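Chains as they are written, first to last, in our numbering: chain W, 1 to 166; chain B, 1001 to 1166; chain P, 2001 to 2166; chain E, 3001 to 3166; chain Y, 4001 to 4166; chain U, 5001 to 5166; chain H, 6001 to 6166; chain R, 7001 to 7166.
Be a bit skeptical, because a hint or two may be false.
Stated by the list, open to error - Here are the simulated lysine-lysine pairs, BS3-like style, with alpha carbons at most 27 Å apart:
no. : chain 1 : residue 1 : chain 2 : residue 2
1   : E       : Lys3134   : Y       : Lys4017
2   : W       : Lys156    : W       : Lys134
3   : Y       : Lys4108   : E       : Lys3017
4   : U       : Lys5046   : H       : Lys6146
5   : H       : Lys6151   : U       : Lys5003
6   : U       : Lys5156   : H       : Lys6141
7   : R       : Lys7027   : R       : Lys7053
8   : Y       : Lys4003   : E       : Lys3134
9   : Y       : Lys4046   : U       : Lys5003
10  : Y       : Lys4046   : U       : Lys5146
11  : Y       : Lys4027   : E       : Lys3141
Just so you know, the hints here were simulated from the structure itself, not pulled from any lab data.
The structure presented is a predicted model; accordingly, all values stated were derived computationally and were not measured.
8 protein chains.
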Amino acid sequence: MAKPKVLILMGSDSDLKTVEEAAKFLKEAGVDFTMDISSAHRNPEKTVEYAKKAREEGFEVIIAAAGMAAHLPGVLASHTTLPVIGIPMSGGALGGVDAVLSILQMPKGIPVATVGIDAARNAGILACQILSIKYEEVRIKLEGMKASIRKENDEKSARIRNYLQD
Amino acid sequence: MAKPKVLILMGSDSDLKTVEEAAKFLKEAGVDFTMDISSAHRNPEKTVEYAKKAREEGFEVIIAAAGMAAHLPGVLASHTTLPVIGIPMSGGALGGVDAVLSILQMPKGIPVATVGIDAARNAGILACQILSIKYEEVRIKLEGMKASIRKENDEKSARIRNYLQD
Amino acid sequence: MAKPKVLILMGSDSDLKTVEEAAKFLKEAGVDFTMDISSAHRNPEKTVEYAKKAREEGFEVIIAAAGMAAHLPGVLASHTTLPVIGIPMSGGALGGVDAVLSILQMPKGIPVATVGIDAARNAGILACQILSIKYEEVRIKLEGMKASIRKENDEKSARIRNYLQD
Amino acid sequence: MAKPKVLILMGSDSDLKTVEEAAKFLKEAGVDFTMDISSAHRNPEKTVEYAKKAREEGFEVIIAAAGMAAHLPGVLASHTTLPVIGIPMSGGALGGVDAVLSILQMPKGIPVATVGIDAARNAGILACQILSIKYEEVRIKLEGMKASIRKENDEKSARIRNYLQD
Amino acid sequence: MAKPKVLILMGSDSDLKTVEEAAKFLKEAGVDFTMDISSAHRNPEKTVEYAKKAREEGFEVIIAAAGMAAHLPGVLASHTTLPVIGIPMSGGALGGVDAVLSILQMPKGIPVATVGIDAARNAGILACQILSIKYEEVRIKLEGMKASIRKENDEKSARIRNYLQD
Amino acid sequence: MAKPKVLILMGSDSDLKTVEEAAKFLKEAGVDFTMDISSAHRNPEKTVEYAKKAREEGFEVIIAAAGMAAHLPGVLASHTTLPVIGIPMSGGALGGVDAVLSILQMPKGIPVATVGIDAARNAGILACQILSIKYEEVRIKLEGMKASIRKENDEKSARIRNYLQD
Amino acid sequence: MAKPKVLILMGSDSDLKTVEEAAKFLKEAGVDFTMDISSAHRNPEKTVEYAKKAREEGFEVIIAAAGMAAHLPGVLASHTTLPVIGIPMSGGALGGVDAVLSILQMPKGIPVATVGIDAARNAGILACQILSIKYEEVRIKLEGMKASIRKENDEKSARIRNYLQD
Amino acid sequence: MAKPKVLILMGSDSDLKTVEEAAKFLKEAGVDFTMDISSAHRNPEKTVEYAKKAREEGFEVIIAAAGMAAHLPGVLASHTTLPVIGIPMSGGALGGVDAVLSILQMPKGIPVATVGIDAARNAGILACQILSIKYEEVRIKLEGMKASIRKENDEKSARIRNYLQD
């Protein structure tokens, strides 16, 4: 059976340092990905091409990161019926509020699954949650991750419980 | 083969009039759903129960709607590895900005797929987009819907193109 | 000599009642226009087509109105080198702030000339100001309008100066 | 008679540096406390457990600090009838506005006593004000603190009154 | 043993319709209260007097409601060591955001326990939660209320679960 | 001795219904005024003329009301050394936030004394407070008004103190 | 004739570095001042005392600076009929928005003349503009200042006009 | 035939470092410009003069940059029928939101073509797009620039596509 595959696009190469967290999570979870730069505004044809061919090329989820008037996730969503996850980037003078609203407030008919500002790792996890309805091995990875998050928290507990208690 | 199934929860019965748009879209698309009220704050045990059992009871996507300090989608997401779609409701004095931030800005490890304010129909569509990676018939419905949206737009075109042109 | 010509696009037919103010101003000023509905998300191919052919079809300015995650002006701007004027619409729960940011905060290389929320008449005037650098008759119309605005203000003055002065 | 006792929880160990101001004030005031990390999202069972047992284990006030989509105070409040004080943390791209709204705008029936952004010392003082209705010694400490704040202000006065007056 | 007693102040008599929800909850819970109008700005001496004498007159919690530049809760808090609960009112052009910030963001040393916008009933509940650390009968009332909230939710569940399921 | 005199300008005649509250207060206080419409943008020469001649024509304070991109108070302030009071009007899609920032955030050297949104009566009072440093009779009026505000509050007190106390 | 005199109060000594710009301008303009720290919350009696005695002690304008839930200007205004100028300080997590709203949005009857965030020099200028209606020498100073601002601008002009013009 | 010519004005010389990006783009595109400092508030006569004479001196577009209560673009627009492009600057405590609203929300009759915060290069491009309706050589430059932006994006693509793919 083919491995699950995710398409990760970003509007600018300055987003890479943040967006790679999504790619790294997919890698940990054994999910393939193609990652590329494709600005909705500076390279619109390439962007449309990616969206239109995504399903037939075997992608099952698209992750798109963009800042400011962040149109990339919405433009992709208008050309595909695959789920599109949008990551609003915090760059620019408004701390990412512009990107949140440009991605979140899509019109009726064309949703984008928006995650928090700069939340690339969460975008990777959400992609895996989506894949987990079809790929048993991804579900198992996610449950392992959830357990290890809990464990990590528990380990910090001892130090904090003793702190300032003399 | 079993039909796909979605769990729809809302924080208050006053949300029903908006949230039913999600249910109606699922129905059009031939997707089963269970819809219930389960407040994260007023009925926390029931909420946790729903999240924990969702996967084993055959749900593949969860849609959760809540307003103000909207914790319902996040609380559900903390107890499951299924994808959770959050709908921020516009009720209250702040027009839904409080709900957007309470749902969107989840911590690392626990994403919620947030849609626009009151965007219940889009939540239903997003749920179907997720299901479409597994269920061929859902994909076909989505593509039909996309075509009919385009057609509807085209039909309005003639009237507007003639308007004020005497 | 050919008459100047403006392309007016809107994302939804519910915008018409506001957007027609732009068309009416153009008409007063003797400028031709084509007005149509063309959603960036619901009808993306048509939108791209309009932008790509605008210049060769003789349009010299594009006016685009959209609300919420308002991508229409930006998508048009990415496919043309004509000046694009964006009108953020006030519809939705956030009073148009989402539309302002989605239109205004365009990335380097692809500007949109943004006017105020619902400011369709101002969009029409701005289009004429742009045309006025080339068409003497448009400049004359604009100066007439500016004078009549001043006169209208002066006429209201007498009433207000007497008010509460007994 | 048993000493008064406060439970202090935080969503992340990165909050400790701020939250310890609450603990330090309690210590100055002779109030016992248990401080721990317990994320509403990453460790939900532990969080619920803390809330449910808080009263029977002798806690009389709960202080909970969290950032972004800050659900910790609200989740605790949904499982106890003890007063819960929420501290919105300023971490993340939005400077704490997200945390304020996620904590403050609780639904009818489940209040959280919200203090200012990062205002951990004020949370400690508020906890003591609550305890002061029962514990005479805490009331006395608070009044001493209020007097010393006034005195501190008075001492700065002389320097400022002379400043720039040559 | 004396009954617990709460002081409820509001900045304007137009707040009464909202603020009475706090009084009504206290009444249900068997808690006495004095309710009065006392603007921090229009009647400052009376306001200070109330705060200074509150503890000696047997009040154990103060609830203060105000809108816009809402100073009442903070002014009271500066003259007492009793816990002060602030209710930001939604009146005015900004929907209560001004009141939230004017109440919440108190300086170090003088906290106000802020509840949600117009959340008078929650202010009454929070007052009772505070009193519950001292008055067993108030704690019992609160737990009864929590159970009845849950029951009310459960009763709505049946209707919603059947809705749209034909 | 000449009576004190205030200049009241507004950007649009739709502001009159709000702005007249300033004029009415001045009238009660025995202060003369000239009230007129003079838009900073639609009638700039008239506006500049008013500002430049205000002092020599015997005005001692200027009140200016405007909405949206509210430039009127600032433009007046740039042409006079008289104190200019700015009233941000709530008209338009943003509830007056745009007007507040356009009036308040003036550059170094050119202050505007900003009052609250739509706060025309307060603008009238502030004008009188300014005049009161020179005109004894205005000071006396202001003190009378302050006393009557207090009295009005006291009269409401009895009704509220009895409310819900059966 | 006595020199004009201004009272400058600030809520915290950390405000001094900003607030001294007001004092320095007054000094340049030959206006006397008393500057002191007097927190509305930490030292309320002293604050009230200052406001009540300000006029009889010969002050003609009050300048008050405070941050966050900035009550100082409003508390002073409630105890005097002198004009009170409020300076919102930018300290804290919200960049001064909280201080702006806490100072600007005063209730009917008690205005505060608000200047921009951290705009202490503008507060000094506004105080002088107020004094200028009574003190001829202050008016002359202000006009000199206005001329020198213009001159300073003109001198920068030459450099900028040549810039990038080779 | 005369070369096209643009007038660039800024409110403060501290804006130069940002604004010069507009000038540089014009230079690349072979467009002449005059750049100067001319504050709407500190040098109002000079500002009005520039606006009134701009068209007769051969300017065809005006670019104006200002921060905070940014009146410069609007003041210029009120005195000319040329298109005015406004650049909101990010300086000050509010990150440029004040400047955006002061420039964007112009009243009916007097539009300003607003670009994003600090978006000086985009202002230069927009000026050229306007000029391109008249000057063939400017249109050619713009199309060249659009192609080179696309090419630049494509070159980054290879690196990103290989990243993390071992």
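Against the structure, the hints:
no.	hint	verdict
1	E:Lys3134 / Y:Lys4017	violated (32 Å)
2	W:Lys156 / W:Lys134	violated (35 Å)
3	Y:Lys4108 / E:Lys3017	holds (16 Å)
4	U:Lys5046 / H:Lys6146	holds (21 Å)
5	H:Lys6151 / U:Lys5003	violated (36 Å)
6	U:Lys5156 / H:Lys6141	violated (48 Å)
7	R:Lys7027 / R:Lys7053	holds (23 Å)
8	Y:Lys4003 / E:Lys3134	holds (14 Å)
9	Y:Lys4046 / U:Lys5003	violated (36 Å)
10	Y:Lys4046 / U:Lys5146	holds (14 Å)
11	Y:Lys4027 / E:Lys3141	violated (32 Å)
Checked against the numbered hints listed earlier, the structure breaks hints 1, 2, 5, 6, 9 and 11; every other hint is satisfied.
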